[in-house]
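Trainee: This is what each chain is made of:
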Amino acid sequence: MNQTPAYTERHPRWYRTRVSTYWWTGQWSYFKFTLRELTSLSVAYFVIILLLQLRALVRGPEAYAQFQEWLKTPLMIALNAVGLFFVLFHTITWFNLAPKAMVIRVRGKRVPNLMIAAPNYVAWLVISAAVAWVLLGGR
Amino acid sequence: MGKRSNEPFLWALFSSGGVVAALLIPVLLFLYGLAFPLGWLEAPSYQSTLALVRHPLTRLVLFVLCSLPLFHWAHRFRFTLYDGLQIKHLNEVINVLCYGGAIIGTALGGYLLWNIP
Chain A
1 MNQTPAYTER HPRWYRTRVS TYWWTGQWSY FKFTLRELTS LSVAYFVIIL LLQLRALVRG
61 PEAYAQFQEW LKTPLMIALN AVGLFFVLFH TITWFNLAPK AMVIRVRGKR VPNLMIAAPN
121 YVAWLVISAA VAWVLLGGR
Chain B
1 MGKRSNEPFL WALFSSGGVV AALLIPVLLF LYGLAFPLGW LEAPSYQSTL ALVRHPLTRL
61 VLFVLCSLPL FHWAHRFRFT LYDGLQIKHL NEVINVLCYG GAIIGTALGG YLLWNIP
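Which chain is which? The protein sequence lines are A and B, in order.
Numbering-wise (the working numbering), the first sequence opens with residue 1 and increments by one.
Numbering-wise (the working numbering), the second sequence opens with residue 1 and increments by one.
In case anyone wonders, no lab produced these hints; they're calculated from the structure.
Please note: incorrect hints may appear among the correct ones.
Covered by chain B, according to a simulated footprint, are these stretches of chain A (three or more residues, beta-carbon under 8 Å) [claimed, not checked]: (1) 47-54; (2) 64-74; (3) 80-86.
Only some residues are given here: those of chain B computed to face chain A with a beta carbon under 10 Å [what the hints assert, rightly or not]: (4) Pro8; (5) Leu10; (6) Leu13; (7) Leu23; (8) Pro26; (9) Phe30; (10) His75; (11) Thr80; (12) Leu113.
Cβ-Cβ distance ranges computed for the label pairs, FRET-style [what the hints assert, rightly or not]: (13) A:Ala81 <-> B:Tyr111: 29 to 37 Å; (14) A:Val103 <-> B:Ile87: 30 to 38 Å; (15) B:Val61 <-> A:Arg59: 20 to 28 Å.
Quick reminder that beta carbons are idealized off the backbone N, C-alpha and C, glycines included.
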């Protein structure tokens, strides 16, 4: 008798409901998720501005002054304000995710979420203060 | 089929870029994007900015800042397009645009920082 049964190639058709492209608009938590994912655009936007600033710096004082004037235009102020909002959204959601990404146990007990998220916030404050201190001339 | 996935490597770039972006971008975007142009605080002069960027440590930080956050963007935006717009069939084009963009940004950052006068 044949021990291995013969399998057919036939697959039943999978049942999948069609998900709307706008699935994330119906519920606040889905919408927040999508906003969080879109923060990456602001991150990329910042790097583009940084690259433009470095280019102006390489080109000389006139180019740099021009770059600074360009940042004063209402459009750039508006873009930067929106960018800052999303970048802050990224920072906060990122640090709040840290306890979920790193589950640390000490003597069999799970370290509370706050104990993992807090050092991130402290590091953020210290680094931000240090950067500001350097850029504002250490006065 | 035995090809190893490079997903863990890309995820490591995503995650380290996310940390760098979270720690450094808010303060820089606030200062250069709002506080200096609106005159709330006095912007450093061209000469002092140049002196600062000439320092090897600043250059290293700026290079990392040009590179890792772009890989963070590439990874996250790729999945935003997959899930949000459901255009998974454009997979390869999106990968090339996202990671290609990150590589080009890294190269530009390195080139500019190398050429600081």
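Trainee: Confirm or reject each hint.
Mentor: Hint by hint, here is what the structure shows:
1. Counting residues of the stretch 47-54 of chain A whose beta-carbon sits less than 8 Å from any beta-carbon of chain B gives 7, enough to reach three: the coverage restraint holds.
2. Counting residues of the stretch 64-74 of chain A whose beta carbon lies closer than 8 Å to any beta carbon of chain B gives 5, which meets the minimum of three for the stated coverage.
3. Only residues whose C-beta sits within less than 8 Å of a C-beta in chain B count toward coverage, and the stretch 80-86 of chain A has 4 of them, enough to reach three; the restraint holds.
4. Annotation: B:Pro8 was flagged as interfacial toward chain A, and the flag is violated, the nearest CB pair being 14 Å apart, outside 10 Å.
5. Interface hint at B:Leu10: violated, since its Cβ lies 14 Å from the closest Cβ of chain A, which is beyond the 10 Å cut-off.
6. Using the Cβ-Cβ criterion of 10 Å, the hint placing B:Leu13 at the interface with chain A is not satisfied: the shortest such distance is roughly 13 Å.
7. Below 10 Å, beta-carbon pairs count as interface contacts, and B:Leu23 has one with chain A at about 5 Å; its hint therefore holds.
8. A least Cβ separation of about 5 Å between B:Pro26 and chain A falls short of the 10 Å threshold, and the interface hint therefore holds.
9. For B:Phe30, the interface hint holds, since its Cβ comes within 10 Å of a Cβ in chain A; the closest pair sits about 6 Å apart.
10. The interface hint given for B:His75 holds, since its Cβ lies 8 Å from the closest Cβ of chain A, which is under the 10 Å cut-off.
11. A hinted interface residue such as B:Thr80 counts as satisfied when its beta carbon comes closer than 10 Å to some beta carbon of chain A; here the least separation is about 4 Å, so the hint holds.
12. The beta carbon of B:Leu113 comes within 7 Å of a beta carbon in chain A, closer than 10 Å, and the hint placing it at the interface holds.
13. Between A:Ala81 and B:Tyr111, the C-beta spacing of about 30 Å keeps the proposed range 29 to 37 Å intact.
14. The hinted window of 30 to 38 Å between A:Val103 and B:Ile87 holds, with their beta carbons roughly 34 Å apart.
15. The beta-carbon spacing between B:Val61 and A:Arg59, approximately 22 Å, falls within the hinted interval of 20 to 28 Å.
The structure is inconsistent with the numbered hints 4, 5 and 6, although it conforms to all the rest.
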